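> From first to last, the protein sequence lines are chains A and B.
The numbering of the first sequence is UniProt numbering, which starts it at 1 and goes up by one.
The numbering of the second sequence is UniProt numbering, which starts it at 1 and goes up by one.
No wet-lab data here; the hints were simulated from the structure.
What you are looking at is a predicted structure, and each value in this text was computed from that prediction instead of being measured.
Heads up, a few of these hints could be off.
Note: identical chains are not told apart, hence a pair may lie in one copy or across any two.
With a straight-line cut-off of 20 Å between C-alpha atoms, the simulated EDC-like cross-links for lysine to aspartate or glutamate are [unchecked claim]:
(1) Lys144 to Asp33
(2) Lys28 to Asp400
(3) Lys393 to Glu296
(4) Lys26 to Asp148
(5) Lys28 to Asp356
(6) Lys294 to Glu173
(7) Lys247 to Asp204
(8) Lys294 to Asp244
(9) Lys144 to Glu173
(10) Lys404 to Glu173
(11) Lys355 to Glu397
(12) Lys343 to Glu257
(13) Lys271 to Glu225
(14) Lys362 to Glu396
(15) Lys26 to Glu396
(16) Lys229 to Glu318
(17) Lys26 to Asp204
(18) Lys393 to Glu359
(19) Lys343 to Glu397
(20) Lys271 to Glu173
(21) Lys229 to Glu311
(22) Lys362 to Glu170
(23) Lys29 to Glu173
(24) Lys279 to Asp400
Protein chains: 2
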Amino acid sequence: MTSSNHENAAGPLTRLWGKIVGFALKLKKLGKDDPRRIIHSFKMGLALTLVSIFYYFKPLYEGFGLAAMWAILTVVVVFEFTVGSTLGRGLNRMLATLTAAALGIGAHRLATLSGETGEPILIALFVFIIAGIVTFLRFIPQIKARYDYGMLIFLLTFCLISVSGYRDEEVIEMAFERLSTIVIGSCTSVIVCIFICPVWIGVDLHNQIATNIEKLGNFLEGYGEEYFKVSEEGQPRDKSSILDGYKSVLSSSSKEETMANLARWEPRHGKFRFRHPWKQYLKVGSITRQCAFKLEALNSYLISEIQSPPEVRSIIQEASTAVSSECGKALKELASALRKMTKSSAAEPHIATSKDAAENLKSVIRSSLSKHDDILQIIPAGAVASLLCEVVKCTEEIADAAHKLASLAHFKNAKPKVTPEQKELPSQGIVQPVSGIDGMHHVITINEPSQSLQENRNLPPAMAPRMEV
Amino acid sequence: MTSSNHENAAGPLTRLWGKIVGFALKLKKLGKDDPRRIIHSFKMGLALTLVSIFYYFKPLYEGFGLAAMWAILTVVVVFEFTVGSTLGRGLNRMLATLTAAALGIGAHRLATLSGETGEPILIALFVFIIAGIVTFLRFIPQIKARYDYGMLIFLLTFCLISVSGYRDEEVIEMAFERLSTIVIGSCTSVIVCIFICPVWIGVDLHNQIATNIEKLGNFLEGYGEEYFKVSEEGQPRDKSSILDGYKSVLSSSSKEETMANLARWEPRHGKFRFRHPWKQYLKVGSITRQCAFKLEALNSYLISEIQSPPEVRSIIQEASTAVSSECGKALKELASALRKMTKSSAAEPHIATSKDAAENLKSVIRSSLSKHDDILQIIPAGAVASLLCEVVKCTEEIADAAHKLASLAHFKNAKPKVTPEQKELPSQGIVQPVSGIDGMHHVITINEPSQSLQENRNLPPAMAPRMEV
């Protein structure tokens with residue numbers, strides 16, 4: 001009885017301890033996945049401690065008084081993980097405070113003119129109208145994407161200035177205090193964010209787009225082997241696989257749009273200019289996603305219960321594997337060139353080869369596949385083959401979009417040895433990957449949200465964030 | 001010369017006027033798309049005007065002093081479009097302020113004990129440590145999803161209380177003022193948000209899931225006709241079509257997750273309980289999306305350049321159209337039952353019929369399609385047929401998930417005339433849609449972000465938002 005009680009008492013404690021250990025391990029994993037998170041936490045501590053000096057340092061305190069707390073408040077709400085986000089919020093907050101303060105002072109003056117009875121009524125009316133208009137404007141998608149925070153702060157400041165002015169006649173002084181402390185808070189945030197291990201969301205977007213293309217390439221390179229391995233064993237493969245990396249591309253749309261919106265706030269850094277063609281990144285991303293939908297269809301034939309028998313598949317094995325792996329190589333070349341920010345035509349021979357292989361695949365189907373009797377057994381293999389032919393088209397589209405991006409963003413040409421000679425040989429056999437570029441590839445197997453951040457650590461030195469403005 | 005100058009002068013003015021008119025039309029469209037936006041703007045104005053009374057009303061002003069502006073600030077940042085969002089932010093803000101105020105007072109007391117030199121150092125250390133920890137914790141996905149705003153406010157309040165305490169000894173009074181004004185601001189927001197034309201995000205999510213299933217149903221109902229119309233004209237159809245409604249389902253994942261997270265804050269309303277099975281909505285949504293990927297593959301055969309010739313397609317026309325339209329009807333029945341929050345087995349006869357039709361389709365392929373010589377011409381039609389067979393499986397999965405949702409959410413049974421008799425006839429011929437339910441369907445053609453909001457206006461009276469807590 002006692003021992004059972006003892007066990008019961010130890011039970012909850014042990015469970016609690018287990019939970020604490022689990023939580024600690026989770027935190028450790030978070031930091032390990034992306035060490036920039038740990039650095040960011042330190043930066044936040046530093047920025048807040050810096051701005052607290054306004055309270056410690058007497059002369060400043062006497063100058064600003066209680067309004068100095070606005071500086072602390074500003075740092076807490078403006079300081080974000082990436083430079084684009086911090087700059088966007090900081091600029092929004094400063095500009096919105098400036099315009100709202102001016103408008104608030106004007107509204108207050110106007111209300112004062114109407115005498116003691118009219119003043120509160122007029123101010124309430126102003127607040128009601130401005131609040132309604134600003135709230136409605138926030139529904140406009142373009143404003144929501146870039147100026148939502150500014151609209152919020154505009155409304156906030158306008159209310160504070162015009163309403164508080166009713167009691168306290170030092171409206172202008174108050175507005176000036178609020179504005180100056182907000183400028184100090186915003187600048188502290190921006191400076192700490194940019195000058196200590198900055199995280200550029202533009203770089204993250206750039207890498208995410210390259211990684212997504214690479215994921216498709218990985219899938220296609222491995223697809224042939226995986227599909228025909230199934231045929232040898234006669235069994236559909238497991239549902240989880242290292243090929244599943246492409247799945248995260250299917251739903252990357254909204255994340256990419258947010259990143260592009262934030263990237264537009266960032267100044268020139270490293271090889272990224274101020275007006276970097278972020279919209280073209282979104283186009284490349286969208287075409288990549290279209291291609292990922294085709295891969296989803298291809299993948300469904302891997303796990304489908306209705307399969308063509310091995311003897312049917314083996315007919316198309318050679319040609320299909322060639323198409324798939326050449327497309328995969330082309331995509332990985334494109335990803336690698338994009339990642340290194342170079343103009344490269346290293347993908348073109350692969351695309352040309354994949355086109356030839358697709359023609360070859362069609363003639364194999366026409367000549368050999370039709371000799372089989374049971375059409376139901378032929379259809380899955382035939383569908384895979386025709387999807388692969390469409391993937392060739394997709395790969396070309398991705399290549400076009402990526403080349404356009406390279407020229408819009410003024411990427412430099414890759415080393416000459418890759419370009420001119422190989423351009424002359426569009427339909428040579430299977431082209432070996434250029435070794436200098438191939439060293440860049442790393443197969444991505446884990447399918448996690450934190451992945452794109454994690455991968456940025458593998459940036460080549462040329463891509464390491466650098467501040468030039 | 002003068003007339004040219006005049007034209008130049010009129011040019012910019014005309015263009016400016018054009019821009020103003022365009023902007024006004026855009027605003028009008030925003031309001032027309034979802035009139036709840038206009039109501040929301042009025043509600044925001046009302047809430048802010050209400051809370052401004054704290055400044056007008058003398059006794060209250062003397063009680064709270066300048067801290068009353070926190071109430072205004074709270075309304076601006078807490079008041080959101082939906083009840084779930086407003087409640088989530090309000091609760092986060094109140095709880096975070098409470099705990100941070102307590103911790104801030106504690107930190108301040110501890111620092112005071114260490115003497116005049118030690119005090120600022122100790123407070124700076126506390127701020128640095130707490131800022132670092134809180135910032136890091138915000139990276140945990142579960143915390144980010146529901147308590148991100150609370151963490152921000154916790155950090156903010158802790159800094160304000162502990163730092164300002166160094167100068168101003170009335171720390172406890174300040175903490176109380178801040179807490180009470182924030183409670184007043186939050187409660188004002190929540191009350192206005194709930195009691196004046198509330199927008200329940202749970203209802204929005206519910207409708208979005210039903211609408212998504214309906215979109216797939218619309219596609220499938222129309223697909224057969226569209227695919228074989230192509231065959232008659234011998235030309236691939238235009239790229240844009242009323243069938244494209246399903247495309248918005250492809251990327252709905254992150255939006256649905258956000259909605260489910262916010263819906264969990266909402267109290268009981270209408271037929272929605274407090275612990276409504278929001279997770280099951282996400283599961284239904286995810287399976288619906290899987291099915292949408294299949295439709296994307298089907299759709300690609302509509303616009304593909306390689307098409308089976310009409311004579312090949314006509315062989316499978318009857319069976320394919322039957323599969324497609326029966327799946328479509330089943331999905332639309334499921335969507336209709338979900339929308340009306342009833343348990344209904346009206347979809348089951350359609351599913352059974354579609355299964356029979358799929359078997360029939362397979363035997364048609366086996367017997368007739370294989371008589372053709374050119375296998376390349378058969379493959380597209382064969383692939384469409386095999387995709388349709390997979391869609392039958394998807395439809396069943398959606399039905400299972402929707403039935404599970406209906407039982408978890410305790411939906412009531414539909415009118416008895418639909419259920420028991422028809423359950424006994426799983427493999428009858430083609431079932432006519434139940435007319436009473438069929439009147440609910442409306443074809444959705446515009447593919448816009450605002451669509452899901454817009455559609456909520458078409459709610460049946462039973463679903464109209466109602467507050468029961």
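> Checking Lys26 and Glu396: alpha-carbon separation at most 20 Å within a copy, between copies, both or neither?
Classified as neither; 42 Å inside a copy, 38 Å across copies.
> If the cut is 20 Å between Cα atoms, do Lys343 and Glu257 qualify within a copy, between copies, both or neither?
Result: close neither inside a copy nor across copies, 24 Å intra and 39 Å inter.
> Reference check for the pair Lys343 and Glu397, CA-CA at most 20 Å: within, between, both, or neither?
within (16 Å within a copy, 47 Å between copies)
> With identical chains, the pair Lys294 and Glu173 could be close in the same copy or across copies; at 20 Å between alpha carbons, which is it: within, between, both, or neither?
For Lys294 and Glu173, the Cα distance exceeds 20 Å both inside one copy (62 Å) and across copies (64 Å).
> When no copy is specified for Lys279 and Asp400, does a C-alpha distance of 20 Å or less occur within a copy, between copies, both, or neither?
Answer is within: at 15 Å inside a copy they meet the 20 Å cutoff, but 41 Å across does not.
> Within, between, both or neither: how does the pair Lys229, Glu311 come out at a Cα-Cα threshold of 20 Å?
The answer is within: 12 Å in one copy meets 20 Å, while 36 Å across copies does not.
> Evaluate Lys28 and Asp400 at a C-alpha cut-off of 20 Å and name the case that applies: within, between, both or neither.
The answer is neither: 42 Å in one copy and 39 Å across copies each exceed 20 Å.
> At most 20 Å between alpha carbons: which applies to Lys393 and Glu296, within, between, both or neither?
both (16 Å within a copy, 17 Å between copies)
> My question is about Lys271 and Glu173: at a cut-off of 20 Å on alpha-carbon distance, are they close within one copy, between copies, both, or neither?
neither (44 Å within a copy, 53 Å between copies)
> Indicate which option fits the pair Lys26, Asp204 if close means a Cα-Cα distance not exceeding 20 Å: within, between, both or neither.
So Lys26 and Asp204 fail the 20 Å test inside a copy (23 Å) and across (33 Å) alike.
> With identical chains treated as interchangeable, where does the CA-CA distance between Lys144 and Asp33 reach 20 Å or less: within a copy, between copies, both, or neither?
between (31 Å within a copy, 17 Å between copies)
> Should Lys271 paired with Glu225 be assigned to within, between, both, or neither, using CA atoms and 20 Å as the limit?
Answer is neither; intra-copy 38 Å and inter-copy 52 Å both fail.
Hint compliance for this structure: hints 2, 5, 6, 9, 10, 12, 13, 15, 17, 20, 22, 23 are broken, all remaining hints hold.
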